[in-house]
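Asks: Generate coordinates for the entire structure from the input sequences, incorporating the hints supplied.
So the protein sequences, as listed, match chains W and B. Counting along the first sequence from 1, when you hit position 150 you're at 150 in the working numbering, and nothing is skipped either side. Counting along the second sequence from 1, when you hit position 151 you're at 151 in the working numbering, and nothing is skipped either side.
These are computed hints drawn from the structure, not numbers from a lab. Among the hints, a few may not be true.
[Claimed, not checked] Examples of chain B residues lying across from chain W (beta carbon under 10 Å, computed):
1. Ala30
2. Lys138
3. Leu181
4. Arg183
5. Ala184
6. Arg199
Just so it is clear, CB atoms sit at the ideal spot from N, CA and C, and this is done for glycine as well.
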Amino acid sequence: MSRSASVRIEGAVKRHGKTTVLHGIDLEVKPGEFFAFLGPSGSGKTTTLRLLAGLETLDGGRVLLDDTDVSHAEPGARDVAMVFQSYALYPHMTVRENIAFPLKMIREPASAIEQAVSDAAARVGIGHLLDRRPGQLSGGQQQRCALARAIVRKPRLFLLDEPLSNLDAKLRLETRAELRRLQRSLGVTAIYVTHDQEEAMTIADRIAIFMDGRLAQVGTPHEIFDQPATAQVAAFIGSPPMNLFPARLEDGRLRLGNDVLDYLFASHANPGQPVLAGIRPGDLEPCTEGGLAAEVEFVEDFGDSAIVNLSIAGQPAKMRTQRRDLPAEGTRLRVSPRLGSVHLFSEHDGGRLAP
Amino acid sequence: MTAANRHKTGAAARRLLMLIAAACLVLIWAFPVVWGLLTSFKTERDVLAWPPVLFFTPTLDNYRAVLEGSRSILPNLWSSLIVTSSATVVTMLFAVPAAYAMARLKMRFKRTTGFYVLATQMLPPVGLIIPYYIVLQKIGGLDSYAGITTIYLTFSLPFAIWLMITYFEDIPFEMEEAALLDRAGRLRTLWYVILPQARGGIAVTTIFVFLNAWNEFLFAVVLGGNTVRPVTVAMYNFISVEQTQWALLSAAAMLAMAPVILIGLAAQRHIVKGLTVGAVKGGGRR
Chain W
1 MSRSASVRIE
11 GAVKRHGKTT
21 VLHGIDLEVK
31 PGEFFAFLGP
41 SGSGKTTTLR
51 LLAGLETLDG
61 GRVLLDDTDV
71 SHAEPGARDV
81 AMVFQSYALY
91 PHMTVRENIA
101 FPLKMIREPA
111 SAIEQAVSDA
121 AARVGIGHLL
131 DRRPGQLSGG
141 QQQRCALARA
151 IVRKPRLFLL
161 DEPLSNLDAK
171 LRLETRAELR
181 RLQRSLGVTA
191 IYVTHDQEEA
201 MTIADRIAIF
211 MDGRLAQVGT
221 PHEIFDQPAT
231 AQVAAFIGSP
241 PMNLFPARLE
251 DGRLRLGNDV
261 LDYLFASHAN
271 PGQPVLAGIR
281 PGDLEPCTEG
291 GLAAEVEFVE
301 DFGDSAIVNL
311 SIAGQPAKMR
321 TQRRDLPAEG
331 TRLRVSPRLG
341 SVHLFSEHDG
351 GRLAP
Chain B
1 MTAANRHKTG
11 AAARRLLMLI
21 AAACLVLIWA
31 FPVVWGLLTS
41 FKTERDVLAW
51 PPVLFFTPTL
61 DNYRAVLEGS
71 RSILPNLWSS
81 LIVTSSATVV
91 TMLFAVPAAY
101 AMARLKMRFK
111 RTTGFYVLAT
121 QMLPPVGLII
131 PYYIVLQKIG
141 GLDSYAGITT
151 IYLTFSLPFA
161 IWLMITYFED
171 IPFEMEEAAL
181 LDRAGRLRTL
191 WYVILPQARG
201 GIAVTTIFVF
211 LNAWNEFLFA
221 VVLGGNTVRP
231 VTVAMYNFIS
241 VEQTQWALLS
251 AAAMLAMAPV
261 ILIGLAAQRH
271 IVKGLTVGAV
281 KGGGRR
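Replies: Okay, structure coming up:
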């Protein structure tokens, strides 16, 4: 049963009254992909998901499923299933009736429904709860019930709107892995909305990052981590996210406060142009000479690693280290980025300059 | 006395005060009903006795009189039932879809429509009687069930729509969207998902509409006649220029009240809150 749709969004525009919430989104999702929409709240990721479901109408552009224009198709005609953040279970029906509902609506024979319901329930591990009502389930069980209702009719596209946000931290980690397994075993295309970058990075094949109603970047978790397209993306991805310093290029060398990093940058930036230098906390390491002068403000020790909070050129910065001999608060030391690990962004619009 | 004990005594005193206040309210509310009930079992002589008698030999003569013979109110109860049930059925038939549309669908002039639905409730009914009389007279609707039922709709329909809107608005949007995605379509979504959850609201609204229509007097007395003569109008006949037949009036009133009370009791279990509790977790509002 591997029916999986390809998704194409072309120039999608959405307005709410006078405010434009989506400024022309172009996006392609391949069949069978687990795709995440990631972004801060209000960035347009949920709106885009709802456009795919047909729960919002387009103000411009097109939505194509399997190369067919469904921009104006009713939600029910699109053959997509959605798991809502609130689960949206029908409170007056039992779990069994909830899961059976989509099949009942397309008039499947009762015996087929019975079989499909027990299959779907077993898949998500709620086979023993079929006679309960949603009100009698725990949050995690409700979430599974919503999942079962979505997978029971084998849709070609699976939409998940922050499905884990109402679960506690431990359950969220477990369910995350299970979701991934479920999607793999069904082979269905899935789009997953989240504001949690760690969730997106660990679960998705590819990620689209939404910022202010625009796509800031689309790529695999690695691409986005290693080559963030803008300073905003860089500041959003990674935990802790990338350090960004205002800096200046001088003869291909980077001046950061009073220090000059002794690397040559072959960059598109003009000499003397102000830039933003981005360094991941994991790419900073103590050094004996050169590098940047820093002062230790405080240390967060996690046991196997630690985050050293520094002040570099009057700016807060974080350094991740595995070393056990952690510097004391107030220590002055020098740190330098690993070779080739400095990202340069335009100070003007945050666009990536180098490498 | 410890602080905890003092706290306990304070709470008990508050409870007692609340009970006394509640008892006073119930007494004020119940007195006319109880007095009417007592009066309905008195002879006309006991009714007029001064000082009022509390102990008397009860009689069923009054009930016999208003149920049998020339002064029977049975035809009027029947008349009430016809007007009230047709008004209630027609009202709910239109109010439920109308309220759903007003609560949910995006349409033009929604605000304006909503305002005019409400505006009809702002007019004093007395001011409408003469226009209604003239209209019904012109179309031959005076003293007809169709005519009076239609007039009842003019006040019950807006009332029911406005009451139902709030119930529909309480149902989470996502639930409807989930049903739409499950290929239920608008009508089946309404039938399978929305209406079962609005059951409590529908019951409450039906009861209110029924009560209003059953208790209606003003329109019935002016626009009715020999054919349409609800029990509220018939009871009025026990008050004449020469005398008021209190005992008969009370017996008729008790009979007129009975169905209302029975319906209220029967529907009580429908008026349950919290049907949607547990369906939606967290705040998924955009």
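Asks: When the nearest CB of chain W is found for arginine 199(B), is that gap smaller than 10 Å?
Replies: It holds, given that the least Cβ distance between arginine 199(B) and chain W is near 8 Å, below 10 Å.
Asks: Hey, does the alanine 30(B) contact hint survive, CB to chain W under 10 Å?
Replies: violated (37 Å)
Asks: Under the criterion of a CB-CB separation shorter than 10 Å, is alanine 184(B) in contact with chain W as hinted?
Replies: Interface hint status for alanine 184(B): holds (5 Å vs cutoff 10 Å).
Asks: Minimum Cβ distance from leucine 181(B) to chain W below 10 Å?
Replies: Hint on leucine 181(B): holds, closest Cβ of chain W at ~5 Å, below 10 Å.
Asks: Tell me if lysine 138(B) is really an interface residue toward chain W, meaning its C-beta lies closer than 10 Å to one of theirs.
Replies: violated (47 Å)
Asks: Verify the interface restraint on arginine 183(B): the C-beta must sit less than 10 Å from at least one C-beta of chain W.
Replies: Constraint on arginine 183(B) satisfied, holds at 4 Å.
This entry does not satisfy hints 1 and 2, going by the numbered hints stated previously.
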